Amino acid sequence: MTKLDVLQPDSSVDTGIPRSWVTTRLDHVINWARRNSLWPMPFGTACCAIEMMAAAASKYDIGRFGMERMSFTPRQADLMIVAGRVTYKLAPVMRRIWDQMPQPKWCVSMGACASSGGMFDNYTIVQGIDTIVPVDVYVPGCPPRPEGLMYGLLMIQEKIKGESLAHPVARAEDPDAVGRPNLPPEAIELVAQPFGNSTKQNRVSGLSSNSAVARERDRIERLMEHRE
Amino acid sequence: MPTTVAPDPTRQLIRAEPRTEADLAEHPSIQAVSAQFTDAVRDVGRDASGYPVLRIEPERNHEVLRFLRDDPEQAFDFLADITGVDLGGGVPIQVWYQLWSMRHGRQLRVVCELPLTQLTLTTVTDLWHTADWLERETFDMFGVTFEGHPDLRRILMPENYEEGFPLRKDFPLRGRFSRSEQVRRCLSRSLEDVYATEELQMAGYGDGTVPLREPTPAERPEDALENRLEGEPMLINMGPQHPATHGVLRLVLQLDGERVMRCIPHIGYLHTGFEKTCEFREWNQVVPYTDRMDYLAPMLYNVAYAGAVETLLGVEITERCRAVRVILCELNRILGHLLWLGTTAIDLGAFTVFLYSFKEREKIYNLHEAYTGGRITTSVTRVGGMMADLPVGWLDACREFVENCPSTLDECERLLSRNAIWMARTQDIGIIGPEEAVSYGLTGPNLRASGVPYDVRKARPYLGYEQYDFDVPVGVHGDVYDRYMVRLEEMRQSIRIVEQALAHLPDGPMNIDDYRVVLPPKSEAMGSIDTMISHFKLVMEGIRVPAGETWYSIEASKGELGIGIVSDGGTKPVRCRFRGPSFVNIAALPYLVEGELVADVIAVNASLDVVLGEIDR
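Protein sequences, first through last, are from chains A and B. Take 3 as the starting number for the first sequence in my numbering and just add one per residue. Take 12 as the starting number for the second sequence in my numbering and just add one per residue.
If a hint is listed, it holds; no wrong ones were tucked in.
Going by beta-carbon spacing under 10 Å, a handful of chain A positions derived as facing chain B:
id : residue
1  : Phe45
2  : Ala58
3  : Lys61
4  : Arg87
5  : Ile134
6  : Cys144
7  : Gly181
8  : Ile190
If you want the ones that stay clear, here's a sample from chain B, every Cβ over 12 Å from chain A, calculated:
id : residue
9  : Pro244
10 : Gly325
11 : Glu446
12 : His546
13 : Ala610
Just so you have them, the derived chain A footprint on chain B, three or more residues with Cβ under 8 Å:
id : segment
14 : 177 to 185
15 : 254 to 260
16 : 299 to 306
17 : 365 to 374
Everything labelled a hint here was simulated from the structure, so no lab data went into it. Since this is a predicted model, take the numbers as computed values, not measurements. Even for Gly, the Cβ is constructed at its ideal location relative to N, Cα and C.
Isolated chain B, as found in the complex (with noise of 0.2 Å):
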């Protein structure tokens, strides 16, 4: 496949703003860097948001983030996201370490630039466990090579995908082969495309030289039954049509009787393309497909890129809308919890529970529907506000789902929290600890488990969040039932936000006063001609936003969701990066269930709350 493209000088690479002595003085890890490595630094500046932004030799990444993360000036221990950006027209790929110090509530972008005939970097998969994936990733869309790292293969595309690199400006967005093709070969696959070469060999395929791993005296204690037993390891496939998988994830498992030796996850069957098909659509159509990534809790998504956008834009949206987000906000993360309650509880086999959740649920959708007009697919904001402003009632309706929603969480927690089955189930069960959940990048509810209390909206506060009182619960055990009582408290703290929201809702307009980024109402359009070309232009051309790139994360219900934009100054993005809270958290699941016996593993994964449609995007 064709990897160079003749450099197009029209397309100016987009640079951060320039450095100036101001940025350098407030940013003590970009100054500590500049001084230490003095010929790898290239360039540093503050993007848009006023990300600080790190340019360095693609050579020397892995010096670079090491002292980074180990030096405890700057103790960058979670490292959010690794992704690429590519601008087309030949200029070098970009790639982006999204880092955040939890010691020094610091951010930073490292950014490499690679040249398409070197597209090469180091791995630090040593430094932190979450670039695995990551990099996987990153590989899998953009054909960068990671050098050391242990498992680079194809992580969301099949493994043997040939027609390229799909986040590749050169890659079309239909695929390169007929769909006549694609139907033919996705129906051929052999063994070599559904299965690693690893656990080919673990099944006895091939030369069989991967040793397996043998339990150990922990797990198998000398006296043990499974000792008098005559046995070999078991290799099974769970999913990734499977009950309790929470969509079309898939296992293969390598079973020591009951136990768990290895776990293999593989993703990427609900690969929707999200990312490659926002490129294609103008600024506001992304907003509808953003609800169809975490399809449990939409709104988060919709007000996430909305902010993204407005960041980018540079626009201030009114104190109405800001409130009116954070409601919906925090009603998702209550509809998001609620449906990981239900299916947790039905996995776990307390059928209850999850008709008293769908029930409250219903009551959500009701809002939704009185709102928006659709129950799960939203589409509720647009750049610079909302699709409308609230319908009459609606805030009524919303204060009588709050007061009533705190009595079915009790009536839950009655039928749970003290009962023997479920803590049996739960308890001491997929344990992880602080350093290992940041290391391997956790957000959320699964990371607060563990004891550490990172909360974007605590951390970073976006939408007016400091103005909120509530409280951040954190777990003691990092075990699952210190996730689902950390689950069960963030419901609580949520209605307490949409009670203080509800009873400070500011009057006012709705959307912004700037026709150049919000419709102006019909009335208006039709009265003078000013407002009818702007009514025209946005309708025939959409949104123009300024050239420039940014990173703006929101605190959604499963953990940190990121999003990356990259504007050319046109009316579609250039990049459109979603880091998905549970694309990382899924990752942590091998660590979390080996040792674990095989019905842990439905336990373990159920309390991770992913969605598949955030993993595989």
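One chain only, chain A, in its complex shape (with noise of 0.2 Å):
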């Protein structure tokens, strides 16, 4: 899939509504002011959190990109950043938030912790947050410099692009999700085996592929499977 394949909207989703010179437009302007004026929801826990307010701070000042605007509150926010590691004790708290947050939505997963577990595989940390709620862009790093994580919200401002009010189930909220986890055992069990979360990540989240503009699609897939 080209770059340019995902900045049209998806025709391979029949959703009954005609594609028309209005509706791609419509959609250009919302994107365009959804993906400049990013609410993020800090939901920062340890050592990211500090970078991630180094990234607000003078030297990085994140307001370049329009989210200076750190809502600490979900219900008016649509950007979650999970920053450090989260322990089964406060995935409920975590789950809550996403769930409490409006469509739409989308989340961070920022360092080695929060993605996959990191350097804790023991009896307290969960094994990458996908398990527990959807991730759109995972950023690498331990903790990832304020750059890397500039670079992932750049990378949710290029997703933001290529979606469509059309598309019938990518904003849907799913009353059945509420408080459950994201993945099915069988997954959990195949990410939070030793190296799996590391190298397992991308087939268990359902992203065939590395590139950043390239998931939005996947996510509508597996929405679309588990609908069914």
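With the hints as a guide, bring both chains together as one complex.
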């Protein structure tokens, strides 16, 4: 899939809404507005949260990308940045915050611990937050530098560009999913094997490609399967 | 769950070195206890670092500890730590009490050995307030029950954790349940898993037998507005996701109007299992874990851990390494205090200070990066030295920082110290007196703000701190404002220390000259068979540390950081205990905020300068 393909609304999904010049232009305007005024919900727990603060402070200044308005309440946020290790004691809190955020919403998993458990393969750390909530962008690093976080946020912006209001399931809320794990038990076992969390992350998350812009369609396909 | 394991005859109980007459004469407290409680003392001696150890009968622990605290000749008024040690193989679990006497400048470890069938001790919460949380942690991690403890429940793990006691040797590293089961359980928690029974009763669940605390006349005078208003106490839940709790701390507050009647902190939301994980890593592999405990001042932890292992190994690091470690420690003290300054100011509404302090922090990060390659996770020390010698030009960059930093501190001080809002929000808020502060086990700037001049760098100098000329700032009122002033002055003193260390930085090698401990240079490793073998052994196996136990403490940016290490002579630690100062400091929060306004909870909590990575470990 080329970059250009994704920027076009996905024609493989039959929504019943005719593709017209009006709907695509409307998507364009709405996505422009959404991606340039993301309100992040900083779910910072550990070291990564300090780099997230550094990204917001004087030298790096995240405000240049329209994201300086940190929203500390999930109800007025559209981007959850999970920065740091998440324990099993904290996981229900994170899931609750994700459920409280209104659509459209995205999630960034910042750092090795949030993405895969990192160096803590032990009794208390969740082996990748994608077992609990759906993740859009993983930022590698321990901790990632502020530039790394910003690159991840730009990937989210890139991803928003490819979205369309015509997608029937992309932004629908599933009441059955509230407070439940994001992955089935077999998939959780697969990522949680030693080294599994780093080598099998893509497969389990339904990400067939590492390309940033290709992810949106993958997620829609997965949601479609889930619906069926 | 199985609590008894068949004893393994190959595993010997690690003993302190046998007692000698000289030791007894040297340590008056051991002498006094031996004379007073002839039938309670099992054994006395010293561990590898020369720390005096007193082993007593577990049934008599309260008696002996009360004598040690109350007898004016002993006066062990400061309880640094309570922790457990499980050696595995069914041998008794040890419980360590680390004591320090402020008056006599004397230290002592009291050890009780508990057979696995009888894991019971008497609580000492009536002697030291700090024992409350430390005993709860020991209960949580080892299953040791403390009789008479007012509120003995889990502290780090969830309230109804069913997998067992994590720091027992028979507990698997990844837990007893499968990962999917762990995820399923954590997402299906009930109210009882999240709230203490007492809180549920306060909120009206269950029998509701807990009486609510009535405001005192001082808190609510006769003519107060509240008396004319109908109302009932309110329970609010602050955190774990809250912008001003400095991490995932959770406070359950019972409010009467704006006034805090009860404050119950909940911690453990970031419990990372460091102590358990370290038991599965080689000695040098533990260093990266220490970064992530106090990520606001990582090098202090690196240095403390390396120092502890070196003590047990009995190696003496080089002069240059010592001075470089002092420079790094003091830079990180500034780093930690700057973050505290910025975030506390932002909590109280002053945004500019945050930007100024982060500007300075970025300069220290650049120094970190030039030396270690990492901004926060530095992993700078190795046992026996450092990861490398300083890079070219680093010292000049450090000098430049030291020259420019004071002007930023002056700027911050100009913005805050005489600022009417800042003074109103901080002065006479969250007061703690010297006796209470010591009893609560406060250390670092929090203790010194209450007027107790206890600083490990002065009390038990390490890394040659006695050679440096610096002052220990002390407060008078013990309120939030004094803690701010003490930290500000400490940064200036740290700059003084760095200046002195830079001026007299010795030349010479950075690492010790012992290839059983440090890696030989690559050029040598390829040159002779001996060094090649050493290189191979170190890479494949790691260091072997002689059997024994030690306690090593330094003054971290938040207070006294104690590291307890037990080795069985192998390549991995048997027990790694980190006495994080934040864990003990935050336990004093209910004392500080009860009776204050709810807005002051933010100021007081910020003033304690806690880092959740260290509280929860």
